[in-house]
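*Asks:* Protein sequences, first through last, are from chains A and B.
Every letter in the first sequence is one number past the one before it in our numbering, and letter 318, counting from 1, is 318.
Every letter in the second sequence is one number past the one before it in our numbering, and letter 141, counting from 1, is 141.
Each hint should be verified, as a subset may be incorrect.
[As the list claims (entries may be wrong)] Heads up, simulated BS3-like pairs for lysine-lysine below, C-alpha to C-alpha not over 27 angstroms straight-line:
| hint | chain 1 | residue 1 | chain 2 | residue 2 |
| --- | --- | --- | --- | --- |
| 1 | A | 661 | A | 506 |
| 2 | B | 121 | B | 96 |
| 3 | B | 96 | A | 120 |
| 4 | B | 96 | A | 117 |
| 5 | A | 655 | A | 684 |
| 6 | A | 506 | A | 485 |
| 7 | A | 354 | A | 339 |
| 8 | A | 117 | B | 41 |
| 9 | A | 684 | A | 697 |
| 10 | A | 557 | A | 655 |
| 11 | A | 652 | A | 684 |
| 12 | B | 121 | B | 61 |
| 13 | A | 120 | B | 61 |
| 14 | A | 485 | A | 673 |
| 15 | A | 117 | B | 121 |
| 16 | A | 661 | A | 531 |
| 17 | B | 121 | A | 120 |
| 18 | A | 655 | A | 697 |
[Unchecked claim] With beta-carbon atoms standing in for the labels, derived distance ranges:
| hint | chain 1 | residue 1 | chain 2 | residue 2 | range |
| --- | --- | --- | --- | --- | --- |
| 19 | A | 2 | B | 145 | 52 to 60 angstroms |
| 20 | A | 245 | B | 110 | 53 to 61 angstroms |
| 21 | A | 103 | B | 118 | 53 to 61 angstroms |
| 22 | A | 57 | B | 58 | 52 to 60 angstroms |
| 23 | A | 169 | B | 183 | 16 to 24 angstroms |
| 24 | A | 186 | B | 118 | 16 to 24 angstroms |
| 25 | B | 145 | A | 245 | 23 to 31 angstroms |
| 26 | A | 206 | B | 110 | 49 to 57 angstroms |
| 27 | B | 85 | A | 169 | 18 to 26 angstroms |
| 28 | A | 103 | B | 35 | 55 to 63 angstroms |
| 29 | B | 183 | A | 273 | 35 to 43 angstroms |
Hint data in this document are derived by calculation from the structure and do not stem from the laboratory.
Beta carbons: idealized from backbone N, C-alpha and C, even for Gly.
Residue strings, one per chain:
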Amino acid sequence: MALMLLTVTVLLWPSQDDGGSPLAWVNVTIMLALSLLLIQYGIRLLREHSEPRPGSRLRAKLVIAMIAMLLVPAMVIQMAASQMVERGMGVWFDVRVDTLLDRALNLAQGFYERVEKNMKRNLLDYISDAALLAAVSGNMDYRSTNAYLNEIRQTEGWQKIELFDINERQIGAVHAGELSALQMTSLNETARLSMHLGRVVTELITRDNGEVAVGYAPLIGPISVIGLLRVEIQLPTGVIQNARAVEADYRSYRQLEHNRQEISATFTHVMLFMTLVVVLLAGLVALLFARRLTSPIGDLANALRRVTEGDLDVAISESPHDELGSLGRSFNKMATRLKQNVEAIKQAQQDLTKALDNSRQRQYVLESLLANLHTGVVLVDANGRVRLLNQAVRDILHLPNNWIPSADILQISHGNLRDIGDFYDELRHQQEELLQREFDVALPEGQTLHVLARGARLSASGTKFSGYLLVIDDISDLAEAERTKAWAEVAQRLAHEIKNPLTPIKLSTERLQRRFRTQVDNTQVFDVCTKAIIDQVERLQRLIADFSTLARMPQPKIREVPVNTLLQDMNELFHSYQPVRVKIEADYNNSICQCDPDQIRQVLINLMDNAIAATGDSEHCAVRLYAQVTDDFVAWHVEDDGDGIIEDAAPKLFKAYYSTKVNGSGLGLAIAKRIAEDHGGELKLVSRTGPTHFCLKLPKHMPHKEGS
Amino acid sequence: MCRILYKWRNFFLLLAGLLIAAQPSVYANESGNLQIHMDQKVIYCAARITVADNTFSLAMKDGILVTTEWHIQVGKVRDYWLNEEIADITVIRRAKPDLLTRSWLLTDTSSGISRRVYNIKDAIHFLSNLENFPVLDRSLLLINTLYRVSISIKVHAGEVNTAWWTNLWKPAASSMQQDFSLP
Chain A
1 MALMLLTVTV LLWPSQDDGG SPLAWVNVTI MLALSLLLIQ YGIRLLREHS EPRPGSRLRA
61 KLVIAMIAML LVPAMVIQMA ASQMVERGMG VWFDVRVDTL LDRALNLAQG FYERVEKNMK
121 RNLLDYISDA ALLAAVSGNM DYRSTNAYLN EIRQTEGWQK IELFDINERQ IGAVHAGELS
181 ALQMTSLNET ARLSMHLGRV VTELITRDNG EVAVGYAPLI GPISVIGLLR VEIQLPTGVI
241 QNARAVEADY RSYRQLEHNR QEISATFTHV MLFMTLVVVL LAGLVALLFA RRLTSPIGDL
301 ANALRRVTEG DLDVAISESP HDELGSLGRS FNKMATRLKQ NVEAIKQAQQ DLTKALDNSR
361 QRQYVLESLL ANLHTGVVLV DANGRVRLLN QAVRDILHLP NNWIPSADIL QISHGNLRDI
421 GDFYDELRHQ QEELLQREFD VALPEGQTLH VLARGARLSA SGTKFSGYLL VIDDISDLAE
481 AERTKAWAEV AQRLAHEIKN PLTPIKLSTE RLQRRFRTQV DNTQVFDVCT KAIIDQVERL
541 QRLIADFSTL ARMPQPKIRE VPVNTLLQDM NELFHSYQPV RVKIEADYNN SICQCDPDQI
601 RQVLINLMDN AIAATGDSEH CAVRLYAQVT DDFVAWHVED DGDGIIEDAA PKLFKAYYST
661 KVNGSGLGLA IAKRIAEDHG GELKLVSRTG PTHFCLKLPK HMPHKEGS
Chain B
1 MCRILYKWRN FFLLLAGLLI AAQPSVYANE SGNLQIHMDQ KVIYCAARIT VADNTFSLAM
61 KDGILVTTEW HIQVGKVRDY WLNEEIADIT VIRRAKPDLL TRSWLLTDTS SGISRRVYNI
121 KDAIHFLSNL ENFPVLDRSL LLINTLYRVS ISIKVHAGEV NTAWWTNLWK PAASSMQQDF
181 SLP
């Protein structure tokens, strides 16, 4: 429609030839504006093609339909009117009318021509009139002149006759009417022209009382013009009026004919203007009507879209008391109910979410608690199936992979874990609520674990769950500590009881050796016996000293000790032994270790003694002592190329009272390991043989340093 | 109201642009001859418009009143601004046919002088020529300064509508201009 309107606009664009009337420009402007409006409206509809605004399409269809319904008949009427105007113009400016007017004008012009021709012909008779020449020459008196002029006037039928000499002085004048009408008039340009040219000239002069035909006849003397005769004829009023009416009509007709195209264009433009105004008004009314009609539908569609997007706080107007209003009311009721239902669902969801959060929180707390517990926990339901077990119980009991939730505890408790099943079975069948047992569990590595198992029956009073809670604690260290403590007390008491008589025994034996050696028969036997007594006593003294040491291990007195100092001490002690090589690194001059130097020196001496003992007198074997310093630790390494340690002895080396040597007390490495642990470090066997390698590793900085 | 105007601003701008683009079609072409001459005191101009032969004759033979409106402007030429207006003169010449006597009453409304001629060529000459027309006094002009005389002529067939708005749409039949300076 916009393109059609634009095409019409281009076709009707005012050209320079038709003068470009204002109305044409107004029409073009209106059509251009309408075209642009339609184009803009169309572009907007195209833009909203994928997601139109609610009601916009229906509104557009209504407006377009209404305008089209009006525009089509308007254009038909416009075309019909234009055709009628064209036909009418053809009738108005018909050739017959044109010919008729021409003839009428010719008649009028013929009347004037006849008057002028008659006047000219008559005047020609007086150009050389002797009386007139005499009069202008001054040879005739005034009375005779006027009489002659009057005679001429009457003869020719003129109303007025005047005679002028060459100097334009009036010689005589005669008038047909009253004497008052005879007024003196000077000669005009036409009269002078007549005298100048020497020709008869006529002219028409319009006066208040009508039109007069004025004729000028030069009076030609023997040589030249010597005067002028001016005559007037009063043209008949009726004829003149008719002639002028014909002239006026002819002029008007010609004027209209001259403006024929302009008139036609003006009519067309007026019609077009009226049509455009009507279309504009109709379009405006159609737009308002369509907007009023589609507004509730648009509101409803918009509200539905908002509801679809989840916005339930929507209400539409219910003002019209018609089907649309009823639809709006129903929609509002539906939206209200929907909102209430959604709010109820939201409330229930919030409650559920809150409960779930609490449950998850409790579960998280419980799982965190169980995960961080060093105590093993197993939860068994009433059917004997494992519901929960934490990592600690797996670590303590080294549970196999089949220990998972939902497994039957009696079925998976076999082998070394049979005691766990027995404990559960006992708990299940006893009457009491609680049960506590201690038993040993053999681990797969051959170690034996001493565990404390406690069980409780979970009642179903608070929740629907009922079952059994098993708590497993590894109390091996505790039992070992208790045993160590008991042994230390025994050893301390035993040492106290044995140590006292040993010194008199040794002194007495030495006295016997000095006093009675010369008195016995067999000196050799006597020496052997006394020496054996003394050696064994000394051995017993050392053994008791070790017992005392193990039982009452003193707290280390920590101070800063250079690493190389300890190495130099060892070098001084053992440099006399051929196979010993102590490596002292210059880089460790400034390296400091916080330790009790006496205890560490004791550990190193023990390790060196063992290494030297292991090498024996072999020249090919060597003992090496060196240190390694890092940012956090200091490590002393003792290596020897001896026969090494047998495989079975390796795990027991650091246990008390275990020794591979014949005269060993089995306390040296145990004491050394305890010293290392008291310093926060460790003593370990790095390699059993080839070479045999021990490492004493201590932290460079102790957390608490006691006085130097 | 302001919101509506702002909303439709682009639309109105586009419409105005289209109409302005269409306007140059009504401008007149320069056709005619203009000469400036002067004496000791007065600046005269002689102008003649060249139009089609039947521009005047068709109307005049049909007894239609023909009027030529000469609009003469004299301004000082300025390079970077509008010319400074010095004189603005309007001369109206009218030829009123008398079909009965086949004569034309020629009237110069500026001077009030009228005369009747019986030859259409004289009438056309009267309408289309401006001879030795005094434009302005020489004392108003500066020496060695460039001035420009611009003449636009409108031709009216029929009675002239004196309403002010008719001139807004009436295109000039001819326009001409001539620069001059005092020696």
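*Asks:* All hints, please: hold or fail.
*Replies:* Taking the hints in turn, this is what the structure says about them:
1. 661(A) x 506(A): holds, 24 angstroms
2. 121(B) x 96(B): holds, 14 angstroms
3. 96(B) x 120(A): holds, 25 angstroms
4. 96(B) x 117(A): holds, 24 angstroms
5. 655(A) x 684(A): holds, 12 angstroms
6. 506(A) x 485(A): violated, 31 angstroms
7. 354(A) x 339(A): Status holds; Cα separation ~22 angstroms.
8. 117(A) x 41(B): Judged against 27 angstroms, a Cα distance of about 50 angstroms means the pair is violated.
9. 684(A) x 697(A): holds, 8 angstroms
10. 557(A) x 655(A): holds, 25 angstroms
11. 652(A) x 684(A): It holds: about 12 angstroms lies between the C-alpha atoms, which stays within 27 angstroms.
12. 121(B) x 61(B): Answer holds: residue 121(B) to residue 61(B) is near 11 angstroms, not above 27 angstroms.
13. 120(A) x 61(B): OK: residue 120(A) and residue 61(B) at ~25 angstroms, within 27 angstroms.
14. 485(A) x 673(A): Within the cut-off at roughly 17 angstroms; holds.
15. 117(A) x 121(B): holds, 24 angstroms
16. 661(A) x 531(A): Within the cut-off at roughly 21 angstroms; holds.
17. 121(B) x 120(A): With Cα atoms ~25 angstroms apart, residue 121(B) and residue 120(A) stay inside 27 angstroms; holds.
18. 655(A) x 697(A): holds, 19 angstroms
19. 2(A) x 145(B): 52 to 60 angstroms: holds, 55 angstroms
20. 245(A) x 110(B): 53 to 61 angstroms: Violated, since residue 245(A) and residue 110(B) (Cβ atoms, about 33 angstroms apart) do not stay within the stated range.
21. 103(A) x 118(B): 53 to 61 angstroms: For residue 118(B) against residue 103(A), whose Cβ atoms are near 23 angstroms apart, the range 53 to 61 angstroms is violated.
22. 57(A) x 58(B): 52 to 60 angstroms: holds, 58 angstroms
23. 169(A) x 183(B): 16 to 24 angstroms: violated, 50 angstroms
24. 186(A) x 118(B): 16 to 24 angstroms: This hint holds: roughly 22 angstroms between Cβ atoms.
25. 145(B) x 245(A): 23 to 31 angstroms: violated, 58 angstroms
26. 206(A) x 110(B): 49 to 57 angstroms: Because 24 angstroms falls outside the window, the suggested range is violated.
27. 85(B) x 169(A): 18 to 26 angstroms: violated, 53 angstroms
28. 103(A) x 35(B): 55 to 63 angstroms: Check failed, 47 angstroms falls outside 55 to 63 angstroms.
29. 183(B) x 273(A): 35 to 43 angstroms: Once the Cβ atoms are compared, 57 angstroms apart, the range 35 to 43 angstroms for residue 273(A) and residue 183(B) is violated.
When held up to the earlier numbered hints, the structure conflicts with 6, 8, 20, 21, 23, 25, 26, 27, 28 and 29 and fits the remainder.
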